[in-house]
Amino acid sequence: MCAQATQRVEARAPAAEAKSYVEQYYDALRDGRFLAHKCRKCGRYTFPPTTCCEHCGSWDFEAAYLSGRGMLLYASHGIAPPPHPRFAGIAPYVYGQIMLDEGVAVQAIVRGVEATPQALRAIFERGPLPVNACVMSMTDLPVLAFELA
Amino acid sequence: MRNRLSEKVAIAGVGCTRFGNMLEAPELKGKSIQEIAADAAREALEDAHITAQDIDAVYVGNAMVHSSQTPATQTQIAKWIGAQFKAGMHFEAQCSTTNVGAALAAQAIASGVYDRVLVIGVETTRTRVKGYSPYEREAIPAQQTWLWTDMAVNQAYSVPQGYDIFSTYNGLLALGYCRKYGISVDDFDRGMFELCRTRRLHGSMNPKANEQETLEQVATRYGFDDAWEFWRSPENPFCAWPSRVRSLVTTADGASAMVLARAGDAKAMNPQPVELKGFGICHSDLPWYTDDPTFWKFDKIATDQAFAMAGITAADLDYVHTHDCSHISGICTAEMMGYLEAGKGLQAACEGRLRFDGDRPMSTHGGRHAFGHAWAASAGSDTYEAVLQMRGKAGKRQMPKRPEIAAIHTHGYAMVGTTIVLGAM
Ligand SMILES: [Zn+2]
Numbered sequence: 001m002c003a004q005a006t007q008r009v010e011a012r013a014p015a016a017e018a019k020s021y022v023e024q025y026y027d028a029l030r031d032g033r034f035l036a037h038k039c040r041k042c043g044r045y046t047f048p049p050t051t052c053c054e055h056c057g058s059w060d061f062e063a064a065y066l067s068g069r070g071m072l073l074y075a076s077h078g079i080a081p082p083p084h085p086r087f088a089g090i091a092p093y094v095y096g097q098i099m100l101d102e103g104v105a106v107q108a109i110v111r112g113v114e115a116t117p118q119a120l121r122a123i124f125e126r127g128p129l130p131v132n133a134c135v136m137s138m139t140d141l142p143v144l145a146f147e148l149a
Numbered sequence: 001m002r003n004r005l006s007e008k009v010a011i012a013g014v015g016c017t018r019f020g021n022m023l024e025a026p027e028l029k030g031k032s033i034q035e036i037a038a039d040a041a042r043e044a045l046e047d048a049h050i051t052a053q054d055i056d057a058v059y060v061g062n063a064m065v066h067s068s069q070t071p072a073t074q075t076q077i078a079k080w081i082g083a084q085f086k087a088g089m090h091f092e093a094q095c096s097t098t099n100v101g102a103a104l105a106a107q108a109i110a111s112g113v114y115d116r117v118l119v120i121g122v123e124t125t126r127t128r129v130k131g132y133s134p135y136e137r138e139a140i141p142a143q144q145t146w147l148w149t150d151m152a153v154n155q156a157y158s159v160p161q162g163y164d165i166f167s168t169y170n171g172l173l174a175l176g177y178c179r180k181y182g183i184s185v186d187d188f189d190r191g192m193f194e195l196c197r198t199r200r201l202h203g204s205m206n207p208k209a210n211e212q213e214t215l216e217q218v219a220t221r222y223g224f225d226d227a228w229e230f231w232r233s234p235e236n237p238f239c240a241w242p243s244r245v246r247s248l249v250t251t252a253d254g255a256s257a258m259v260l261a262r263a264g265d266a267k268a269m270n271p272q273p274v275e276l277k278g279f280g281i282c283h284s285d286l287p288w289y290t291d292d293p294t295f296w297k298f299d300k301i302a303t304d305q306a307f308a309m310a311g312i313t314a315a316d317l318d319y320v321h322t323h324d325c326s327h328i329s330g331i332c333t334a335e336m337m338g339y340l341e342a343g344k345g346l347q348a349a350c351e352g353r354l355r356f357d358g359d360r361p362m363s364t365h366g367g368r369h370a371f372g373h374a375w376a377a378s379a380g381s382d383t384y385e386a387v388l389q390m391r392g393k394a395g396k397r398q399m400p401k402r403p404e405i406a407a408i409h410t411h412g413y414a415m416v417g418t419t420i421v422l423g424a425m
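The listed protein sequences derive, respectively, from chains Y and C. For what it's worth, my numbering labels the leading residue of the first sequence as 1, then goes sequentially. For what it's worth, my numbering labels the leading residue of the second sequence as 1, then goes sequentially.
So that you can see chain Y by itself, here it is in the shape it has in the complex (with noise of 0.2 Å):
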């Protein structure tokens, strides 16, 4: 984990169960594990979770979690200040395109390198090279990112 979350967001009746995918994947980042549906009928991975297998279209699908692990292809950043207010206290910031293990293509906010030409012109000169994902605790929500291994 690159941090640790700091306090859970309150709890909301309904029960768990009645839980949106959306709030479970959420959820399930808090405590550092990357939530996805597998497909019964074509076995792929749909990340993060829908309603639907986003490859076949089946509605036939189970839980599953991602293991983390996967090859940063590439790296540049964004601006400052950023669109979404969420990230002004880290802007401008690594964001990176990544394949997992398990044949997804992610891209998420990548920590531990410094949004400069030079330091990007070296991951870019190194790549691809392996990461693992890690956990953002923002004010509001956990975030999916990844760490160079």
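Since no wrong hints were added, every one of them can be taken at face value.
The list that follows gives simulated cross-link-like pairs (lysine to aspartate or glutamate, EDC-like), each with its CA atoms no further than 20 Å apart:
(1) C:K29 to C:E136
(2) C:K180 to Y:E125
(3) Y:K38 to C:D285
(4) C:K297 to Y:E54
(5) C:K300 to Y:E54
If you want the ones that stay clear, here's a sample from chain C, every Cβ over 12 Å from chain Y, calculated:
(6) R2
(7) E7
(8) H49
(9) K130
Hints listed in this document are in silico derivations from the structure and should not be mistaken for laboratory results. We treat Cβ as the ideally placed atom computed from N, Cα and C, and that holds for glycine.
Chain C with the ligand: place on chain Y using the hints.
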């Protein structure tokens, strides 16, 4: 999918306003959003030698209702263009809106339901309604525009977790392009410079463009004798390394319009109609690409469908615009289409081949960077330019040989890959 129109459909009239800031640009200043929509509609209707009384339906596109504050837009525009008591709709496909509107109009006409359809796109990305005033406008802070614009992007997972348009659409793509084709980051930078120079040259020759200064003129204004030196200076910072801010869209307010009809009817209205030979539309949520950032599957599907419907191949293309909110993305799309050789797009830019007078002309209006970007109106501005070029009426930026076949590709954020094929009649 049968992927064919049961009758030939043509564009009988086109219109487009100046793209710019409604608080500053003389052609827009002091007008309301209703009036800029009417300006574009009137030009298109007069080009087709009809009034809105002669059309059956009005499709009005507007993507960012947050700034326009006019949902059910077609009903709110109707009185301003003489189109009361017609059919129609408000619709949006973000930055593909107007050309998706042309495709919807073609479907309605070829099916025999309507004879003539007016498509309008209107958007204000620089200004918004001020307070509750019916006519005063104020500037939108840039972060606000991007936050509203990003509402078209995965709201469950991507935007909440730091989705970044600048990396996703520029930096990561640029790096993928460099690695795939063995291009150094420095050569990439030079290619981006030349591409910007070309687009700004086109903008400087277009009185409707948002940015009408050449890159050399911008450099001089900042005190640089050498535009390449200016390009690499802190005055042109990286927005997403290795991409710089002047390889990006510039935002604008503006409107565009077109009149569509059966080909024979269009010919009766206008001696120079342009056939809408084909279209393809294909959408995708993120991610737009996987291990190869230069290949966007939905663009390939949309383009293949458009070319198949039109019965053309890449070899037939005389003029192309690809969506160039991000200049490197526009190059990748043109290479995917087969208009430019794979991995050679930047070299073509350096050789001047993408200029209006080059052998692979692209985006002669100036593209999203110089002509500017008014989301729902922009695809119509691209089609407007292609029609002008095909008619030989593009003024100083007229291609030496009028194009017979043109392809217009747009990215409706995020994403509606849309390609249309136009043919001279
Ligand atoms: Zn499946």
